[in-house]
Amino acid sequence: MAKSAIKLDGIVRDFYDGKSLRRVLQKTQLEFYTQELTIIAGSSGSGKTTLLTIMGLVLKPSEGKIFIDGQEVTDYSEDQLATLRMQKFGFVFQQAALIPALTVLENILISGSIQGASVPSSRKKSALKMLEDFGLQNYTDAKPQQLSVGQQQRVAIVRALINDPVLLLCDEPTSALDAESSTLVLDTLKRLSQDEKRGVVLVTHDPRVFPYADRLIKIEDGTVTSDTKSNF
Amino acid sequence: MRRLTALRLLLHDRSTTAGAILGVVAIVFLVGQQLAVLFGLLSYMTVLLDHSGADIWITSKNTDNINAIGTLPVRYINRIIGLPDIAWAEPMASGGGSVKRPDGEYQPVQVVGLARPRLTGGPWRFNQGSLEVLLDYDGLTLDQMDLNNLGNPKVNDILEVSDKKIRVSGITQRIRGFQGTLVFTNFQKAREITKLHPSRCSAILVKVKPGASVESVLAKIRIILPQAEATATPVLAQNTRRYYMVSTGIGSSFGFSTMIGAVVGIVIITLTMYTNVLNRLKDFAVLRALGARRRDILVVVLFQSLYISIVGILIGFLLLALFLSAVRDSRLPTHMFMWVPPLHAVLTILLSVAGSFLAMRKAMSVEPASAFR
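Residue numbers (our numbering), protein chains in the order written: chain S, 1 to 232; chain W, 233 to 605.
No lab work stands behind these hints: they were computed from the structure. Note that CB positions come from ideal geometry on N, CA and C, so glycine has one too. Careful: at least some of the hints might be erroneous.
Said to hold, decoys possible - Quick look at which bits of chain W chain S covers, simulated, 3 or more residues with Cβ under 8 Å:
1. 401–410
2. 515–526
3. 594–605
Work out the full structure, taking the sequences as your base and the hints as a guide.
Pasting the structure below:
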C-alpha cells in the first residue's frame, strides 16, 4: 500500500539575484507517495528543479515546512539534512554525474559511505547484484569514461538505489540520452516505482516522458498549475 | 571511502598531484639541505672542542669563541695539576701557518699542536696512519680533502710550513676546522711554526676524574686562576656557536634561506591543491548532494594533503640523502643530527596541510545544489 514519502506544506523559495529578491517558487502544497511515478513538468526556468532540490533537502525553503515520516525536518541542521538525504533519497542527475576518478562499483558504494562508515559486505553484494540486473556486471572496475552515456545513467540509478531510498529524485535523467537509452532508463524507473516501499519523482521538460507518469504535476513560473493522476 | 576517494582523486589528476608533491619535495630538500650545511658549519666551528676529550678548557680571559683565543702561560698547569679531582691537564697550541706548495705558492693552514705522549685533542679519523704518528717530533698530519690544495703530498714527504721543515706522517679523513685546513703536529713543533713563545700555550685542556663534579673543579680552577677563563667544554662549544650565529651573518643568512625554501614549497602546494579542488568542484557538489557533510569533504581534501606529504617526504628525503652522500667527502660542510629528519618530516606535514588550507576552504564551500546545474 502506498504511503507518504514527503510532504511539502506552504513551501516558498526566494533567490537574491544580486539586485533584488526574486520568488522562484510560489507557495506550494504537495505530498509525494511510494508506489507512484510522479513527473514534474515545466519549461526551463519554471522552478521544477528548485522544487526537486527542496524535496531532496538540498535547498532550504524560504518559507513553509517539510515533513518526512510525519516528522518536520525544515529546521534540521545542515549535517542532519545531509544524513537524512543519504538515508531517504536517491538522486539521478541530468548527466549521471558519476565521479570520474572512481570505478563504477566505487561510485555506487560511496553513496552510503561518504560520511565515513565502512562498506558492509552485504552492500557490496547488493551493488554487484544490481549491476548484474542492469546488464553492467562486466563494468564493475571500469571508470565512468569507459561507459556509454546510457550505461553511465544506469550506474547512476544503481547508485541512487543502493541505500534503499524511499524516494528516487531524478533531474531530467534522459535529456542527454538517445531514444533507445531513454526508453531503457524510463522503463527501469517505471518498474522501480511499482515497489510499495519506493516512489519516483522525475523532473522533465520533455512531453514524450509524460506517458510514464502515474501522476503529472505541471509547474510554470514557480507555480503548480496542475496536479493530476494520469490517465495515460 | 573518504580516504579511498582522496587517493583516487589524486591519481586521477596526475599533473596537479605531481605539482603538489614537488612542493613538498622542495620543502624537504631545500630546507633539509640548508639545515645540513648549517649543522656542518656548526660542527666545524667547534670541531676541536667536540673531539678534545677534555671536560674543561682554560683559555685567555673573556674567551667566548674557541676560534679566537689568546695565549696563556704553560705554568698554569702546575698550579692546578695538584687538584685531587683532576685526571690530567695538557697544553695545546693553535695558530696560523703557511704551507709552501711545489709551485711556490703558499696555502694558509690552522696548526694544532698536541702534547705528547697523550696527544689529547688529536685527530680522530685517519685515512693513512694513526694518532701515534704524531709522537714523531717532526710529524704532521694533513687531511684528505686538502691534499689537492697543498700540492698532493704523500706520507713521508717533507713539507715547508712557515719556513719549518716537517714530514707528512699521516693523512686524516674529513677533519676540517671552521677556519679551513687543519693540520696536527706535536705541541713543541706547533709553537715553532706558529711562533708561540716557549713559555705559553693557546689553551690548557683538563680532564676530570670519573665521578668527580666538573662544576666543582671549575670553581676551584677559577679561584686559582682568576686571570684566565675556565669553561666547561660543552659551554664553550655553545658560546662559540652562539657567537657565530648571532654576531656574524651566518644565523640570519641561513634562517632566511631556510624560510625561502619553506615558502617556495608552501606556495607550490597552495596553488596546485587549489587548482586540484577547482577541477573537482562538480564532484564535491555531487558528493554533498549524496549526503556528504562539509567535514566529510574536509576529510577528503585533508587526506589528499597527507598522501601528498608522505610521498613528497619520501622522495625529498631520498634526494637529500643522495645529496649528503655525494658531498660527504667534499669541502661542503654537512651534518645531520638523528633527531632532525623526524622533526623535519612532521613540520613538513604541517606546512603541507597549511598550504592546503585554501583548497580545503574552497572544497567545503561547495553547495550541493550546484550538482543540479
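Any of the earlier hints contradicted here, and which numbers?
-> 1
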